[in-house]
Each structure stands twice: as C-alpha cells, then as structure tokens.
Amino acid sequence: MIGLGIAVVIGGNLYQVGSLSRMGPGLFPIILGVLLALMGVLIIVTAKTLPPDEEGDEMGPPEWRGWACILGGLVAFMILGRYGGLVPATFALVFIAAMGDREHTWRTALLLALGVTVVGCAIFSWGLQLQFPLLRWG
Numbered sequence: 001m002i003g004l005g006i007a008v009v010i011g012g013n014l015y016q017v018g019s020l021s022r023m024g025p026g027l028f029p030i031i032l033g034v035l036l037a038l039m040g041v042l043i044i045v046t047a048k049t050l051p052p053d054e055e056g057d058e059m060g061p062p063e064w065r066g067w068a069c070i071l072g073g074l075v076a077f078m079i080l081g082r083y084g085g086l087v088p089a090t091f092a093l094v095f096i097a098a099m100g101d102r103e104h105t106w107r108t109a110l111l112l113a114l115g116v117t118v119v120g121c122a123i124f125s126w127g128l129q130l131q132f133p134l135l136r137w138g
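The UniProt record's numbering puts the first residue of the sequence shown at 1, with every later residue one more than the last.
No wet-lab data here; the hints were simulated from the structure.
All values reported here derive from a predicted model rather than from experimental measurement.
Glycine residues also receive a C-beta, built at the ideal position from the N, C-alpha and C atoms.
Each hint can be trusted.
Distance windows between CB atoms, simulated:
{"#": "1", "residue 1": "ARG136", "residue 2": "TRP64", "range": "28 to 34 Å"}
{"#": "2", "residue 1": "LEU42", "residue 2": "PRO133", "range": "35 to 41 Å"}
{"#": "3", "residue 1": "LEU112", "residue 2": "PRO62", "range": "20 to 26 Å"}
{"#": "4", "residue 1": "ILE31", "residue 2": "GLN131", "range": "19 to 25 Å"}
{"#": "5", "residue 1": "LEU112", "residue 2": "ILE44", "range": "30 to 36 Å"}
{"#": "6", "residue 1": "VAL118", "residue 2": "LEU4", "range": "30 to 36 Å"}
{"#": "7", "residue 1": "GLU103", "residue 2": "ARG22", "range": "45 to 51 Å"}
{"#": "8", "residue 1": "ARG22", "residue 2": "GLN131", "range": "17 to 23 Å"}
{"#": "9", "residue 1": "ARG107", "residue 2": "ASN13", "range": "45 to 51 Å"}
{"#": "10", "residue 1": "ARG107", "residue 2": "THR46", "range": "33 to 39 Å"}
Let's have the full structure, built from the sequences with the hints guiding it.
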C-alpha cells in the first residue's frame, strides 16, 4: 500500500496540481496517494503493536462466495450502468455484493440495496449533479 501510494503521488505530479480553491487534475490523485501511503504505515504500526493471536495465525480457506459476489456486483454495475442507468446499476451492485456475506438474507440485502440506491442517487444525481442518467432505456 505504501508503494502504490507513493507511485500514485508521483503519477499525480505529472499533472497540474493547482490549489484547493482552483484544483488541477493532479490534486485528487495526490491526496489519495498520500492517504493510501499513510494507511499502509498505519497498518504496519498497528500490526506490530497488536498482541499475537492465541490460536496462531492459521487462516481458513478463501471466501470464494464473497469474492464472486463482489466481482459480480462490479460487473453488473458496469453493464447496467451503461444500458440501464444509475438506479438499476447501484441497486444490482449493492444487492449482489451483500449476498456475498453469509449473514445476509435476501431480505436484508434487498433493504440495504434499496437504502443505498436512494441515498446514492440523491447524493450523486441531485447533490453533485453527476452527468449519469438515473434511468436509461435501451
């Protein structure tokens, strides 16, 4: 994470940075790169200060269901965003990704997807005036 953060900061410096009142295209990547590198440092510091596990560092098998649902949600967002708009894309992304958690039922995933869709569409469409149609036919 530290290496990737530093690489993003270096890449962001290739663009005009500007100032906070007049941001250039390089400012946002630089901020994200710095935050990513700081998170990497924070992970290292907290990992060294945590007490060792009583049961050892045995890891279970990978959670393939979670991986598949998260990736499936992203693919659904890309396809539905292109052909259906922000509302169905957001709903599908959240619903499919939530089904990757074994503790979610289809009802809780449905409620979560509805809530995130309403709030997300309000923020991105109305608040930020993102040029992404809410519904697209065809």
